[in-house]
Every structure is written in C-alpha cells, then in structure tokens.
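Numbering (the UniProt record's numbering), first residue to last: 1 to 738.
There may be inaccurate statements among the hints.
For each label pair, taking beta carbons as the anchor points, the in silico distance ranges come out as [what the hints assert, rightly or not]:
#  : residue 1 : residue 2 : range
1  : G187      : E109      : 48 to 56 angstroms
2  : R532      : E126      : 52 to 60 angstroms
3  : G187      : Q139      : 17 to 25 angstroms
4  : S255      : G606      : 22 to 30 angstroms
5  : L248      : P412      : 42 to 50 angstroms
6  : E271      : R313      : 55 to 63 angstroms
7  : R198      : P681      : 49 to 57 angstroms
8  : H56       : R264      : 39 to 47 angstroms
9  : I297      : R478      : 20 to 28 angstroms
10 : K72       : E631      : 30 to 38 angstroms
11 : R264      : Y239      : 14 to 22 angstroms
SDA-like mimics (lysine to any residue), calculated; alpha carbons at most 20 angstroms apart, straight line [said to hold, decoys possible]:
#  : residue 1 : residue 2
12 : K64       : I76
13 : K215      : Y246
14 : K355      : E395
15 : K597      : K515
16 : K161      : N619
17 : K97       : N144
18 : K306      : K287
19 : K564      : V615
20 : K105      : K64
To be clear, the hints were calculated from the coordinates, so they are not data collected in a lab. Yeah, the Cβ is synthetic: ideal placement off N, Cα and C, and Gly gets one too.
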Amino acid sequence: MIEIEGLVENIVFRNEENGYTVIKLRHNNELISVVGTMPYISEGIRIKVSGEWVVHPTFGQQIKLTGYEEVKPNTIEGIEKYLASGLIPGIGPVTAKKIVEKFGKDTLEIIEMNPERLTEVDGIGEKKAQRISEAFNEQRELRNVLIFLQSYGISTNLGIKIFKRYGNETIRVVKENPYRLCDEVNGIGFKTADKIARSIGTDLTSKYRIRAGIKYVLANCISNGHVYLPKLELLEEAYKLLNIPYELIENEIISLIESKDVVRDDIDNQEVYYLSPYYFAELKVAKKLIELSLQTIKEDLEWIDKEIKDFERENNIKLADEQREAIIKAVSNGVCVITGGPGTGKTTIIKCIIKIFNKKGLEVALCAPTGRAAKRITEATLEEAKTIHRLLEMEFLESENGPCFARDEYNPLDQDVIIVDEASMVDILLMNSLLKAIDMGKRLIIVGDVDQLPSVGPGNVLRDIIESKGVVVVRLNRVFRQKNESLIAINAHKINNGEMPFLNEKDKDFFFIQKNNPQDILEEILNLVDRRLPSFKEGFDPLKDIQVLSPMRKGENGVLNLNKELQRILNPPSSKKAEKEVRDMIFREGDKVMQTKNNYSLQWEGDFSIDGQGVGVFNGDIGFIEKIDDEEQKVTVAFDDKRVVYDFSNLDELDLAYAITIHKSQGSEFPVIVVPVSFGPPMLMTRNLIYTAVTRAKKLVVLVGMKQALSFMISNDKTFNRFSGLKNRIIDVISSIK
Numbered sequence: 001m002i003e004i005e006g007l008v009e010n011i012v013f014r015n016e017e018n019g020y021t022v023i024k025l026r027h028n029n030e031l032i033s034v035v036g037t038m039p040y041i042s043e044g045i046r047i048k049v050s051g052e053w054v055v056h057p058t059f060g061q062q063i064k065l066t067g068y069e070e071v072k073p074n075t076i077e078g079i080e081k082y083l084a085s086g087l088i089p090g091i092g093p094v095t096a097k098k099i100v101e102k103f104g105k106d107t108l109e110i111i112e113m114n115p116e117r118l119t120e121v122d123g124i125g126e127k128k129a130q131r132i133s134e135a136f137n138e139q140r141e142l143r144n145v146l147i148f149l150q151s152y153g154i155s156t157n158l159g160i161k162i163f164k165r166y167g168n169e170t171i172r173v174v175k176e177n178p179y180r181l182c183d184e185v186n187g188i189g190f191k192t193a194d195k196i197a198r199s200i201g202t203d204l205t206s207k208y209r210i211r212a213g214i215k216y217v218l219a220n221c222i223s224n225g226h227v228y229l230p231k232l233e234l235l236e237e238a239y240k241l242l243n244i245p246y247e248l249i250e251n252e253i254i255s256l257i258e259s260k261d262v263v264r265d266d267i268d269n270q271e272v273y274y275l276s277p278y279y280f281a282e283l284k285v286a287k288k289l290i291e292l293s294l295q296t297i298k299e300d301l302e303w304i305d306k307e308i309k310d311f312e313r314e315n316n317i318k319l320a321d322e323q324r325e326a327i328i329k330a331v332s333n334g335v336c337v338i339t340g341g342p343g344t345g346k347t348t349i350i351k352c353i354i355k356i357f358n359k360k361g362l363e364v365a366l367c368a369p370t371g372r373a374a375k376r377i378t379e380a381t382l383e384e385a386k387t388i389h390r391l392l393e394m395e396f397l398e399s400e401n402g403p404c405f406a407r408d409e410y411n412p413l414d415q416d417v418i419i420v421d422e423a424s425m426v427d428i429l430l431m432n433s434l435l436k437a438i439d440m441g442k443r444l445i446i447v448g449d450v451d452q453l454p455s456v457g458p459g460n461v462l463r464d465i466i467e468s469k470g471v472v473v474v475r476l477n478r479v480f481r482q483k484n485e486s487l488i489a490i491n492a493h494k495i496n497n498g499e500m501p502f503l504n505e506k507d508k509d510f511f512f513i514q515k516n517n518p519q520d521i522l523e524e525i526l527n528l529v530d531r532r533l534p535s536f537k538e539g540f541d542p543l544k545d546i547q548v549l550s551p552m553r554k555g556e557n558g559v560l561n562l563n564k565e566l567q568r569i570l571n572p573p574s575s576k577k578a579e580k581e582v583r584d585m586i587f588r589e590g591d592k593v594m595q596t597k598n599n600y601s602l603q604w605e606g607d608f609s610i611d612g613q614g615v616g617v618f619n620g621d622i623g624f625i626e627k628i629d630d631e632e633q634k635v636t637v638a639f640d641d642k643r644v645v646y647d648f649s650n651l652d653e654l655d656l657a658y659a660i661t662i663h664k665s666q667g668s669e670f671p672v673i674v675v676p677v678s679f680g681p682p683m684l685m686t687r688n689l690i691y692t693a694v695t696r697a698k699k700l701v702v703l704v705g706m707k708q709a710l711s712f713m714i715s716n717d718k719t720f721n722r723f724s725g726l727k728n729r730i731i732d733v734i735s736s737i738k
C-alpha cells in the first residue's frame, strides 16, 4: 500500500454513472496515472491517494486506487487552480485569479468565514459573494455525501439529486430507511434502494422492503402504460423481485390497502390492484364525463346550419355530411368525441366549431397535451392553443414532489368550451386534472386519432371513452383530396386498413428506398439527412425540417446509434463549441436534444410567442443546446417557445434528438420524416407504430429498409392491451344512473 499527495492535472476518462475515473496526478514534478472510483473529482484540486502500483498491459505503470481524500491547497498557485477548476459554480479562471490576487493564501478562509469581503474584488457584488460562499460550503458537504453514496453504487448525478433533497441529513436518511428514496427522489428506484439496504444489513423480510417492492411493481406497470395489475401478475412480479414467500407479500398488500397506498378492485371478474391516485383518477374521470354529457343543452339547429353554410362560403369549401354531423353534435352536447385519421378534416371542424361558439358569445379554450401539438393546432387554426398544463396554470410545490394546478374544482377554468386536440396522447392523470377544472355548465370537445399509439403515460383514455359508448362520438372516415395530390394521408389510411401504401410514384411525397441489411440502411439514412434531402427541391434543413424516427432504441438503426452517427456528421466537434459528457453521450453546443421525462420543477423563460416565466418541461419536448457554461455548470436549451437552463446534474433528463423513437414523436409534426424499416421484436413491428410514424410527416415520408419488414408491420395489427379500467368505470356510472 502506498500513499502520495498531488495535484489533479488532468481527468483522462470519467464514467459519470459509476464514478470510475482515470486521472493524471502531479507529484514531485512527475505525472502519475491513478485509476479507480472517484465520485467527486475535478482538475486543479489537491488530493491524497492510497492504493497499489499495478502495470497495465497498454498504459503501463499506474496506481490502482483504494481510497482518497481532498487536501486543501496551501500555495497561491494551488488555490487559484482549485478555484478555477469549475468545482464551485460562479468561479471560473478569470474570477479565481482576481480573488487570489486580492487575498493570497487567506483566500479559502475568506470564502468560508468572511464571504462579505469578496465584494472587495472587482466584479463581485453582495449577491455573487453570498452565492460563492454558499456553493463553497455546500460542495464540502456534498463531497462527503457522494463518497458515502458511491460505496453503494450510486452515480454522481443521482448522488447530487439525493443531496439536493435531504442536504446534510442525507447520510442519516439513507442509513435509517433507504426505501424512502424510491418515493422522494426522482431517478431512485427500488433496486437501487434495495442494494443500499442490503449493504447496511436490512432484513429481506423488512416491512419497508416488501412494501417498497410492491409499490415498485405497480409503478413499473404504470411506466409501461397500465393503470392496474391483476392479482396474479402482481404476486408473481413481486415474488421475482423480493424472493420471499407469497404469504409475506399478501400480508403487506393488505397493509398498503389499509394505509390507502393501494386499492383493491374487481374488473371483468378479476381481482386487481391499483396505486391509489390512478384508481381515484379513473373514478373521477368517468363520473365527470357522464355528468357533463348529461347536461341539457338547447340549441337552434337551424341557426347552427346557417352558421355552417356561412363558414363554407367564407372558406370556399363544401363540408362532408360527417363533418357537418361532427360540428352539430359538438355544439349541441355537453361532451363530444371526434375521431379520425389524417386528412379527414378534423382541423376544419375545429375552426368551424370555434367560429360558431364565438358567434354565440362563448369563450373557447383550445389545448393539446404537448407544446408541439399546441403549436401545430395554433398554426392550422390561427387560434391560440395552449398546452393542457399551461391552460391549468401548472405550479410546482416541493412539498407535493410533483405538479399542482391553480385551476381545479375550487378555481375552475373561465372559458365556456374546452377543445382538446391530439387527445390520444392524454393519460389518465392529466385527463382527471383537466376535468376537475371544468365545472358544470361548460362543454368539452375531445378530438384525436384513436388508431395512433396510446399515450406515453398510463391508460388508454381516448379508446376507453369511445368504446364505453357513454358519450357522443363521431367517427370521420372520408379522406379529402390533398393539395398537390399528396400521398401521405392516403397512404396513412391504406396502412391503417392493412394495405400496402403507394410507393415511389413520380413527383409524389412518399418514398421507399430498398436496403437489405442494417449497415446499408444506416448509411442511406446518413446520406439522406446530410446530402440528398437538403439538396431536394425544397432544400430541407437537416436539423429543423428532417426528423429520423426509429421503432427501437438499440441496434444499428436504433436511436442510440443513429444519434451518435448523425451528431458526428451534423454537429461535429469544434474548438468553438463547448461540450459536456453525460453517461455515454456527449452534449455539444448546437445539438438537437429531447427532454425524456416530465420535470415539473424546471423553470423556463418565454420567447416572443410566450411572455413571462413558468415551470415544467415535458417528456418529448425538442430543443437545441444554445450554451454550455462550465463555470456556472449549466446548459441552456432553446425549445420551441421557451428557454430552459439545466444544472449539469439534470442532464440525465436529456437525450440527443437527431433520431427519436416513434413513441416519442406522438403529437409532433415534422416537414420530413425518415424511418428505418427492418425486422425486430414483434411488439415493435406493429401496424399502429408505422401508422403513427407516417402521420407525423407534413411534406415528405422516406422509408428506408426491407419491403418484407414493411409488409409484416402493416399486416401485424396486434395491439398489446393495457390494463385500464376507465371503460368499465364509465359503464358503471351509466348503469348507476339508470
């Protein structure tokens, strides 16, 4: 065992997930390689390491680390390098030099004990001095926490999140009951908490462990789109996870029911279990939908017919009978669902409905589940649309650890009519929040394509409402003649009907390029995005106009590999572009990125289209990295209508988005979509998946791959059923009224 002290001159390699790091340590004017797990390390700091000398076959002699500790620098040069390392937000090389020139060897003591004196340095005011001092002290506490957590395999980024939640209480909380982390820290699941618990000797049959495991199984089913689990599936999954007798699991299920964390119910003669919020959300949605739908609304049908004719004349169009039916039913009922595929005239119907309600002096709120969907319907109707979250005036409360809405049953929406577009994307919790804010006397119009993929979140809300037959539904089947004879809508309907689309017709907008192996598919996609499509007659922008959509994440043509390859050609490394490595991914200024989970606490500032500030960035939002600031440890991302500043610790919520999964594309439209088509897992080779992909395109569809695979997808109309009880709830409410 050896011990040496030195300055971290260079971080050669670092894995942010597990903390494994390779550094160059300067000791007595000699550079020494040190390798091992270092959860908290930065260039410029002084450390004392202990370990053993080993000889690597490629890299030669190095120290294999067994432990290390930070040593306060004791020279002016060392202090300056330490402060300039980026370890303390707000201090970069320039500021560090100024501070050290002013205070010399007393610098660290001044920052820690007399931070007000920092204002003596040019460019540092009272607020910045306070921030620097707080960050300095916080970093010291954080270092101890990260080293403690690293011994349990918790990554640096997750460790920072845990520290933000519990502060200097972190170590105590983790030792007392690590399963708290599952409920209270986003990103910590049962398996991580269980690993910690096992390491500190928690018994396998601990009630905390069993209850956390049961809730984890139910939460995992929710992340897969289900709302509940049948008893048999719950017991089997919990047994596989916990490896304890079924009897102990059943006992703790009863305890969770008694504590109101879990609800037991019967659906279709089957015993099922819910996490409580999802059970009550289904009950409330069913009850409110039927209450709204049973309102007596008296309308002058002759007047409505006259308004429809006026709309036709003003827009020089002739509405189809089913469009007229949709408008009349939407205007004359408390709740109306309008469903149809692309090109069936849903947007035209919305425009006419809004015109009629405005003529009646009624105020209309137009909304959609995502920012991109709201922007699309705004552009199509020339009426302002908001996200549902923004319409409900979303707030974030730390105490709730999730979103809260200012608009609810106690403070309902002011508008008389609520129109929800892209309703197939609305999950059960969001629909419940929306309905709570619509009081009696108001009307609800739900518009969407039921044949698209269901929502990313839990439930199958649109399909359940339609199949319950509890509210008025109008189905649009007629596809209208497209501008310039576009094949996109026509082919979407052919696919939805199980037919092969028209391919490669001259001067059309729907193409298939045959390639017979994954490598050729990849090379053709790169060629299309980088060269062929930008030089096409419309000159498509590779970043803003073209979106690659893949059925899967992994594999040569999965989004992970596609993003690496597309980033390499569209946004290569440059000395003028700052970078930040996260997981196995490099983020670079100019990169196209996507938010991968709902974060209700992230603050944003609006651009020209949205004034002011707000909170909340959502799963599927796409933007571009404007700035990476190593000194402040922040990344600025410009989304469609807002700018968001991320801490480095939140970057695990972003992915590159040159290519995204078809699931993530729901609710968005792109001028051009490019899709790799090859054989894969059957659940990713379905008709509604390729249908959803095709319906994302506004101007051009390019499929690249194997025709046999495309044919298989179109013929495979198997849908993987979700455990969702809303349909049954609606039927039960109707039965109770009768």
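Each hint tested on the structure:
1. Evaluation of the 48 to 56 angstroms hint for G187 and E109 yields a failure: the beta carbon distance comes to about 36 angstroms.
2. Distance hint check for R532 and E126: the Cβ-Cβ separation is about 57 angstroms, which falls inside the suggested range of 52 to 60 angstroms.
3. Between G187 and Q139, the C-beta spacing of about 21 angstroms keeps the proposed range 17 to 25 angstroms intact.
4. Checked against the hint of 22 to 30 angstroms, the C-beta distance between S255 and G606 comes to roughly 47 angstroms, which is inconsistent with it.
5. A beta carbon spacing of about 46 angstroms between L248 and P412 agrees with the range 42 to 50 angstroms that was offered as a hint.
6. For the hinted restraint 55 to 63 angstroms between E271 and R313, the CB-CB distance of approximately 59 angstroms keeps it satisfied.
7. Judged by the Cβ atoms, the range 49 to 57 angstroms given for R198 and P681 is violated: they are separated by roughly 32 angstroms.
8. About 58 angstroms separates the C-beta atoms of H56 and R264, a value inconsistent with the hinted range of 39 to 47 angstroms.
9. Distance hint for I297 and R478: a CB-CB separation of about 27 angstroms, consistent with the stated range 20 to 28 angstroms.
10. Roughly 21 angstroms separates the CB atoms of K72 and E631, a value that falls outside the hinted 30 to 38 angstroms.
11. About 18 angstroms separates the C-beta atoms of R264 and Y239, a value consistent with the hinted range of 14 to 22 angstroms.
12. A C-alpha spacing of about 30 angstroms is found between K64 and I76, which places the hinted pair above 20 angstroms, so the restraint is violated.
13. In summary, the hint linking K215 to Y246 is supported, as the alpha carbons are separated by about 15 angstroms, within the 20 angstroms threshold.
14. Proposed proximity of K355 and E395 is contradicted: the alpha carbons are some 32 angstroms apart, above 20 angstroms.
15. Pair hint K597 plus K515 does not hold up; C-alpha atoms about 34 angstroms apart against a cutoff of 20 angstroms.
16. Between the alpha carbons of K161 and N619 the distance comes to roughly 19 angstroms, so the proposed pair stays at or under 20 angstroms and holds.
17. Our distance criterion of 20 angstroms between C-alpha atoms is broken by K97 and N144, whose separation comes to about 27 angstroms.
18. Proximity of K306 to K287 is assessed by CA-CA distance (about 35 angstroms); at most 20 angstroms being required, the pair is judged violated.
19. A distance of roughly 30 angstroms separates the Cα atoms of K564 and V615; the hinted pair therefore is violated under the 20 angstroms criterion.
20. Straight-line distance between C-alpha atoms of K105 and K64 comes to about 33 angstroms, which puts the hinted pair past the 20 angstroms bound.
The earlier numbered hints that this structure contradicts are 1, 4, 7, 8, 10, 12, 14, 15, 17, 18, 19 and 20.
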